[in-house]
Amino acid sequence: MLIFEHSRPGRVNPAQIPGATAGGEDLPAVFLRRQPLLLPEVSELQAVRHYTRLSQRNFAIDTHFYPLGSCTMKYNPRAANKAAMLPQFLARHPLAPESTGQGFLACLFELQEILKAVTGMKGVSLTPMAGAQGEFAGVAMMRAYHTARGDSARSEILIPRAAHGTNPATAVMCGYTVREIEVDQQGDVDLESLKKALGPQTAGLMLTNPSTLGVFDRQILEVARLVHGAGGLLYYDGANLNAILGKVKPGDMGFDVIHLNLHKTFSTPHGGGGPGAGPVGVSERLLPFLPVPFVGAHSGQYHWVTEKMRPQSIGRLSAHMGNAGVLLRAYVYARLLGREGMPRVAEYAVLNANYLFKRLMALGFAGAYPARRATHEFLLTLKDLKDTTTITATDVAKRLLDQGFHAPTVYFPLMVPECLLIEPTETESPEDLDAFVDAMADIWSVAHTAPDVLKNAPQKLPVRRVDEVRAARDLDLVWRKA
Amino acid sequence: MSNVPANLRYTKSHEWVRDDQGILTVGITDHAQDLMGDMVFVDLPKIGDALTAGKECAVVESVKAASDVYAPLAGTVTEINETLGVKPEAINNDPYGAGWLFKIKPAQASGVAGLLDAAAYENLLAAEG
Chain A
1 MLIFEHSRPG
11 RVNPAQIPGA
21 TAGGEDLPAV
31 FLRRQPLLLP
41 EVSELQAVRH
51 YTRLSQRNFA
61 IDTHFYPLGS
71 CTMKYNPRAA
81 NKAAMLPQFL
91 ARHPLAPEST
101 GQGFLACLFE
111 LQEILKAVTG
121 MKGVSLTPMA
131 GAQGEFAGVA
141 MMRAYHTARG
151 DSARSEILIP
161 RAAHGTNPAT
171 AVMCGYTVRE
181 IEVDQQGDVD
191 LESLKKALGP
201 QTAGLMLTNP
211 STLGVFDRQI
221 LEVARLVHGA
231 GGLLYYDGAN
241 LNAILGKVKP
251 GDMGFDVIHL
261 NLHKTFSTPH
271 GGGGPGAGPV
281 GVSERLLPFL
291 PVPFVGAHSG
301 QYHWVTEKMR
311 PQSIGRLSAH
321 MGNAGVLLRA
331 YVYARLLGRE
341 GMPRVAEYAV
351 LNANYLFKRL
361 MALGFAGAYP
371 ARRATHEFLL
381 TLKDLKDTTT
391 ITATDVAKRL
401 LDQGFHAPTV
411 YFPLMVPECL
421 LIEPTETESP
431 EDLDAFVDAM
441 ADIWSVAHTA
451 PDVLKNAPQK
461 LPVRRVDEVR
471 AARDLDLVWR
481 KA
Chain B
1 MSNVPANLRY
11 TKSHEWVRDD
21 QGILTVGITD
31 HAQDLMGDMV
41 FVDLPKIGDA
51 LTAGKECAVV
61 ESVKAASDVY
71 APLAGTVTEI
81 NETLGVKPEA
91 INNDPYGAGW
101 LFKIKPAQAS
111 GVAGLLDAAA
121 YENLLAAEG
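Going down the list, the sequences are from chains A and B. Take the first sequence: its letters are residues 1 to 482, numbered as in the numbering used here. Take the second sequence: its letters are residues 1 to 129, numbered as in the numbering used here.
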């Protein structure tokens with residue numbers, strides 16, 4: 001039921017209406033509203049109940065296992081949030097002088113240093129406000145680098161078929177054309193396809209490693225050698241950093257520029273549209289182009305590094321220094337983990353994924369790359385199940401909702417038919433993983449004995465099977481009074 | 001097994017081409033529409049657009065994904081299937097008929113012979129599993 005449907009004319013709850021209101025006397029009459037706003041008229045208790053009930057319908061990591069592949073929906077410790085919410089941080093004005101913000105600047109400086117250490121890059125700027133903006137900053141730096149060298153004829157960015165959709169979008173936004181690279185049977189970049197595509201027009205290659213196929217590209221050093229040999233740069237999409245945290249550094253793999261999704265790997269709840277943070281890291285030769293401002297240190301004092309000190313910088317991406325709250329959470333989270341804790345994140349993320357992968361394959365589910373060890377996530381393909389039972393990835397996903405689990409990512413990457421991309425993350429207990437396996441075992445058996453149960457799922461949620469086709473074709477989001 | 005009419009030509013990227021006295025009608029194959037699922041949106045080229053062979057020239061969007069459609073041959077767009085704007089499901093229901101996307105006048109009429117024939121396209125589908 002919508003809040004508007006609770007509405008009754010004249011019902012008001014004035015207790016919290018501000019005493020002094022602006023009258024708008026100085027506005028020309030022509031701009032004044034003649035009828036009152038069409039707002040729902042409900043009591044305070046009705047409003048509280050309505051929104052509390054809505055909040056209880058949320059499918060959230062706080063209540064449910066959330067194995068949404070490539071999204072890293074892990075639990076974010078409350079401690080990180082608590083520290084970031086200290087009133088001294090919350091009330092700090094972004095334009096306050098450096099002298100009164102040394103504690104805040106110290107946190108950001110140390111976060112830059114931690115991210116440098118964990119990625120093996122030579123410089124980090126925290127200012128991009130989301131992953132997509134981090135990507136934009138990264139490719140803009142690649143462009144600035146080529147241009148500064150008088151090498152501006154490079155017009156192409158190479159992207160493997162399995163990439164996130166943001167990669168080609170970023171390349172186009174930065175004025176490049178996109179050339180797709182094939183992926184081989186084992187999920188690695190196809191070296192022959194890469195060699196054919198490389199040339200004097202190549203600006204660089206964008207790669208996620210581990211990829212969205214849930215495997216680590218074993219030929220990454222050769223890929224880097226080939227791309228560098230052609231004069232191109234290597235871009236690392238940090239979407240799947242959780243799998244290699246503290247274990248392998250993108251810098252050691254030969255990447256020149258990376259972005260990280262702090263809201264995924266470093267402790268900010270996400271999936272609701274932000275705020276996020278997409279810091280960028282660079283190798284030595286891209287240092288002059290880092291976006292500003294970032295934090296510098298001199299004789300124990302911290303200061304903002306701005307355009308004045310970095311004339312070749314690609315410039316500013318946000319009004320100030322990015323999303324301070326997300327950066328502070330990331331800092332506290334990184335300090336809580338420490339040098340010993342970082343690799344354990346990757347170890348348990350990978351262990352949990354491989355445990356689930358093996359157990360689900362034992363039930364009969366087919367892995368898309370069964371011969372490969374999974375990274376932090378893995379791909380199942382339900383093509384055979386669909387051919388024998390007509391049960392699709394959508395049916396399985398909907399049934400999981402009934403069983404109290406968030407659905408995995410479905411139909412991505414599209415090159416794998418009827419796929420489920422499953423990422424358990426490091427924060428799930430063995431018991432919760434087993435409960436998920438039990439649910440999948442039940443689905444496997446029901447698919448073969450009573451497929452209609454799956455076709456009609458979900459049954460237990462407030463909304464039953466949504467007609468996705470009609471929702472897309474006849475989109476109508478406006479509520480009208482009956 | 002998906003439907004592969006013998007009288008059409010095909011591309012590796014799952015477009016079909018029908019040659020009607022020098023004007024080519026282009027669509028996506030039954031296999032492609034089956035893989036994509038229910039279509040919800042189609043973005044077509046404009047009449048008069050010059051297409052480059054192998055370059056993306058249209059977009060089909062289903063509930064699962066958006067996918068580029070590639071120009072099978074170089075040529076100029078002479079007609080587009082405007083009814084797809086309100087009935088994108090025609091691609092699912094009748095991929096080789098009412099679901100056609102656009103027509104082109106090829107730069108070289110002989111180019112059609114270089115495309116896959118039905119047997120070659122069926123082999124491609126078999127190889128893709």
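Hints are computed from structural coordinates only; laboratory data are not their basis. These numbers were taken from a predicted model, which means no experiment stands behind them. All C-beta atoms in this analysis are idealised placements derived from N, C-alpha and C, irrespective of residue type, glycine included. Do not take every clue at face value.
DEER-style ranges, computed between Cβ atoms [claimed, not checked]:
| id | chain 1 | residue 1 | chain 2 | residue 2 | range |
| --- | --- | --- | --- | --- | --- |
| 1 | B | THR76 | A | VAL453 | 50 to 60 Å |
| 2 | A | THR52 | B | ALA50 | 31 to 41 Å |
| 3 | A | PRO311 | B | GLU82 | 51 to 61 Å |
| 4 | A | ALA106 | B | ALA66 | 42 to 52 Å |
| 5 | A | LEU475 | B | THR76 | 28 to 38 Å |
| 6 | A | SER152 | B | GLU128 | 49 to 59 Å |
| 7 | A | ARG161 | B | ASN3 | 20 to 30 Å |
Beyond 12 Å from chain A on every Cβ pair, some chain B residues (computed) [what the hints assert, rightly or not]:
| id | residue |
| --- | --- |
| 8 | GLY37 |
| 9 | VAL40 |
| 10 | ALA50 |
| 11 | GLU61 |
| 12 | SER62 |
| 13 | VAL86 |
| 14 | LYS87 |
| 15 | PRO88 |
| 16 | ALA109 |
| 17 | GLY111 |
| 18 | GLY114 |
| 19 | LEU115 |
| 20 | ALA120 |
| 21 | ALA126 |
The calculated DSS-like cross-link candidates involving lysine-lysine, where the alpha carbons are at most 27 Å apart (straight line), are [to be verified]:
| id | chain 1 | residue 1 | chain 2 | residue 2 |
| --- | --- | --- | --- | --- |
| 22 | B | LYS103 | B | LYS87 |
| 23 | B | LYS64 | A | LYS383 |
| 24 | B | LYS64 | A | LYS455 |
| 25 | A | LYS247 | A | LYS386 |
| 26 | A | LYS386 | B | LYS64 |
| 27 | A | LYS460 | B | LYS64 |
| 28 | A | LYS383 | A | LYS358 |
| 29 | B | LYS12 | A | LYS195 |
Evaluated hints:
1. In this structure the hint that THR76/B and VAL453/A lie 50 to 60 Å apart at CB holds, the actual value being about 53 Å.
2. At about 59 Å, the beta-carbon gap between THR52/A and ALA50/B misses the expected band of 31 to 41 Å.
3. At roughly 53 Å, the beta carbons of PRO311/A and GLU82/B sit within the given window of 51 to 61 Å.
4. Look at ALA106/A against ALA66/B: about 45 Å separates their beta carbons, and that is inside 42 to 52 Å.
5. Our hint of 28 to 38 Å for LEU475/A and THR76/B holds, since their Cβ atoms are close to 34 Å apart.
6. Here the CB-CB span from SER152/A to GLU128/B is close to 40 Å, at odds with the stated 49 to 59 Å.
7. Between ARG161/A and ASN3/B the CB atoms are about 26 Å apart, so this pair conforms to the stated range of 20 to 30 Å.
8. At the 12 Å boundary, the C-beta of GLY37/B falls inside the reach of chain A, the nearest C-beta of that chain being 8 Å off.
9. Residue placement check: VAL40/B does not keep its beta carbon more than 12 Å from all beta carbons of chain A (closest about 4 Å).
10. With a cut of 12 Å on Cβ distances, ALA50/B stays outside the contact zone with chain A, its closest approach being about 17 Å.
11. For GLU61/B, the shortest C-beta to C-beta distance to chain A comes to about 8 Å, within the 12 Å cut-off, and the non-interface label is violated.
12. With a closest Cβ-Cβ approach of about 9 Å to chain A, SER62/B is found to fall inside the 12 Å limit, against its non-interface label.
13. The beta carbon of VAL86/B is not kept farther than 12 Å from every beta carbon of chain A, the shortest such distance being approximately 9 Å.
14. Interface exclusion of LYS87/B from chain A breaks down, the closest Cβ pair being 9 Å apart, not more than 12 Å.
15. With a minimum CB-CB distance of about 7 Å to chain A, PRO88/B fails to clear the 12 Å threshold, and the non-interface call is violated.
16. Every CB of chain A lies more than 12 Å from the CB of ALA109/B, the least distance being 29 Å, so the non-interface label holds.
17. At roughly 22 Å, the least C-beta separation between GLY111/B and chain A is larger than 12 Å, which holds for a residue marked as non-interface.
18. Distance check for GLY114/B against chain A: the nearest CB is about 20 Å away, which clears 12 Å, and the non-interface claim stands.
19. With a cut of 12 Å on Cβ distances, LEU115/B stays outside the contact zone with chain A, its closest approach being about 20 Å.
20. With 12 Å as the threshold on Cβ separation, the claim that ALA120/B sits away from chain A holds: the shortest Cβ distance comes to roughly 20 Å.
21. Consistency note on ALA126/B: stated as away from chain A, and its beta-carbon is indeed over 12 Å from all of that chain's, at 14 Å minimum.
22. At most 27 Å may separate the alpha-carbon atoms for a hinted pair to count; LYS103/B and LYS87/B meet this at roughly 18 Å.
23. Proximity of LYS64/B to LYS383/A is assessed by CA-CA distance (about 15 Å); at most 27 Å being required, the pair is judged to hold.
24. Only pairs whose Cα atoms come within 27 Å are accepted, and LYS64/B paired with LYS455/A is accepted, the gap being roughly 17 Å.
25. A threshold of 27 Å between alpha carbons decides the hint, and for LYS247/A with LYS386/A the separation of about 38 Å lies outside it, so the pair is violated.
26. Between LYS386/A and LYS64/B, the direct Cα distance comes to roughly 16 Å. Compliance with the 27 Å bound is thereby established for this hinted pair.
27. The hinted pair formed by LYS460/A and LYS64/B meets the criterion: a straight-line CA distance of about 24 Å does not exceed 27 Å.
28. The straight-line distance between the Cα atoms of LYS383/A and LYS358/A is roughly 18 Å, inside the 27 Å bound, and the hint therefore holds.
29. For the suggested pair LYS12/B and LYS195/A, the alpha carbons sit about 21 Å apart, so the restraint of at most 27 Å is met.
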